Amino acid sequence: MQWVGNNLGLVAELTLAHIALSIPPIVLGGLLSIPIGWLAFRFPTWRGSVLGVVGVLYTIPSLALFVLLPPLFGFPILSELNVIVALVIYAVAIMVRSVSDGFASIDAGSLRAATAVGYGPWQRFFQVELPLAGPVLLAGLRVVSVSTVSLVTVGVLVGVKSLGYLFTDGFQRRIEAEIVTGIVMTLVVALIFDVLLLALGRALMPWSLLAKSRLRANEAV
Amino acid sequence: MIEFRHVSKDYPGGARAVSDFSLTVPTGTLTVLVGSSGCGKTTLLRMVNRMVEPTSGEVLIDGQHLSERDPVELRRSIGYVMQSGGLLPHKTVIDNIATVSRLCGVSKTESHDRARELMGVVGLDSDLATRYPQQLSGGQQQRVGVARALAMDPNILLMDEPFGAVDPVVRRELQRELLDLQARLNKTVVFVTHDVDEAFLVADEMVILREGAEIVQQGTAEDIITAPADNFVASFIGAAQGNRVLHRSSKDPAVVVDSDGRIQGRLEA
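For the protein sequence lines, the chains are A and B, in the order given.
So in this note's numbering, the last one in the first sequence is 224, and the numbering has no gaps at all.
So in this note's numbering, the last one in the second sequence is 271, and the numbering has no gaps at all.
Just so you know, the hints here were simulated from the structure itself, not pulled from any lab data.
Treat the hints with caution; some may be incorrect.
What the hints assert, rightly or not - If you only want the chain B side, here are some residues facing chain A, beta carbon under 10 Å, derived:
#, residue
1, ARG48
2, GLU75
3, GLY81
4, TYR82
5, LYS93
6, ALA153
7, ASN157
Said to hold, decoys possible - Label-pair ranges, simulated between beta-carbon atoms:
#, chain 1, residue 1, chain 2, residue 2, range
8, B, SER24, A, PRO124, 25 to 35 Å
9, A, PRO47, B, ALA17, 12 to 22 Å
10, A, SER52, B, ALA17, 47 to 57 Å
11, B, ARG7, A, LEU203, 49 to 59 Å
12, B, LEU248, A, PRO47, 48 to 58 Å
13, B, GLY267, A, PRO124, 48 to 58 Å
14, A, ALA67, B, LEU130, 49 to 59 Å
15, B, GLU70, A, GLN126, 20 to 30 Å
16, A, ASP110, B, VAL257, 21 to 31 Å
17, A, ARG205, B, GLU60, 49 to 59 Å
18, A, ASP110, B, ASP199, 24 to 34 Å
Computed from a predicted model, the values in this text were never measured in an experiment.
Positions of the beta carbon are idealized from the N, C-alpha and C atoms, including for glycine.
Taking the hints into account, I'd like the entire structure generated from these sequences.
In structure tokens form, the structure reads like this:
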């Protein structure tokens, strides 16, 4: 505990850096996945190949990705951009399937009703399909969030500082408390993100909670 | 006035849902298309708002060919009521009712005022305005569906088995209210159902269909019950089984029974 007391400033600084690195991949990955996942949903013939390719992306080890990306995109290995782009790729890999499942989960009757009352194609997408896919999208985004927050730590291997720094530094200097602090703080950040996402879901989709509680009430009967 | 002129619909794979169908629905009348499931009645209904395009033939509203109208704009000008209400689960009751007027560019305040007024028209308590559809009973959902269809005061109302998903008691109530409403509003209504009793109750004009949307008989309920065109109609409306032919009970002349001796009611003195 003494180590923590003496290094509060460092822990706070690394936690903030960690948060700053985690947000862009979650947001960008989520946004990019929507059109890709929609295509996979909309065109069943592509579905297999799109989900296949995206699934393979997740199996690429992060270190290999850090080495592969710079020549492809023209940024230096030791840069935040390298880490963020790699994490966006992982986010997309997780999220695309959720997006596709989310659109598939929408009741066909609701869509027909939307068309019948006069929603144009774009209006129907943004005002009906996207919100109704929302609960499944949110579930996917929560997985992306946890995964991203934990993967950010690996960035320290290409010199991008995050809570991961506490692992490598603690390991080299054999300070157990430092390693434990890194783990605990990563978990805390992941937890805070998750709570925020849940709160966002509740605020944006109050109806989705009703549907669930009603389902449970029906099961109970 | 809605006119179907020699309309056919083939689905890919060779299934023919509608075959050379012609019908005129006069303005201000309630016409019921009755038939068992798969007879093509819903396909016909969806042609009126271009949810389904005929393979050949034409549908016209007040003399105008529907193929000349923009489908989205057309749908906004026609009220559509479907089974279970077809409400959007992520919108509150009032937002569901206001959907069409919002799509037509009416301001939120004005749409909500009109929606609140319509809740009264269809007999919904104003406390329900902020509820979500899944918090309502089947009958209430159906009333919201009707209110939404009336929001822009359309001339034409399409009703696709609107009361099919509610229990018999509520269904009767909704049917009676539809009649009251129609007496006041005089819409041109096309109503699809497989329930003959419902058709007898609400129809100005009944059109009995069999597979391929072939018209077997067309006329008022009285025409059809007194002179079924053929065995198909007789059997479809239950006349062949004897439960449409009523006589006095031999035990008590004030009691009316069908051909099986099942008690159907009493004669008023």
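Now for the hints, and whether the structure bears them out:
no.	hint	verdict
1	ARG48	holds, 8 Å
2	GLU75	holds, 7 Å
3	GLY81	holds, 9 Å
4	TYR82	holds, 4 Å
5	LYS93	holds, 8 Å
6	ALA153	holds, 9 Å
7	ASN157	violated, 15 Å
8	B:SER24 to A:PRO124: 25 to 35 Å	holds, 32 Å
9	A:PRO47 to B:ALA17: 12 to 22 Å	holds, 21 Å
10	A:SER52 to B:ALA17: 47 to 57 Å	violated, 31 Å
11	B:ARG7 to A:LEU203: 49 to 59 Å	holds, 53 Å
12	B:LEU248 to A:PRO47: 48 to 58 Å	holds, 55 Å
13	B:GLY267 to A:PRO124: 48 to 58 Å	holds, 53 Å
14	A:ALA67 to B:LEU130: 49 to 59 Å	holds, 58 Å
15	B:GLU70 to A:GLN126: 20 to 30 Å	holds, 22 Å
16	A:ASP110 to B:VAL257: 21 to 31 Å	violated, 48 Å
17	A:ARG205 to B:GLU60: 49 to 59 Å	holds, 51 Å
18	A:ASP110 to B:ASP199: 24 to 34 Å	holds, 29 Å
This entry does not satisfy hints 7, 10, 16, going by the numbered hints stated previously.
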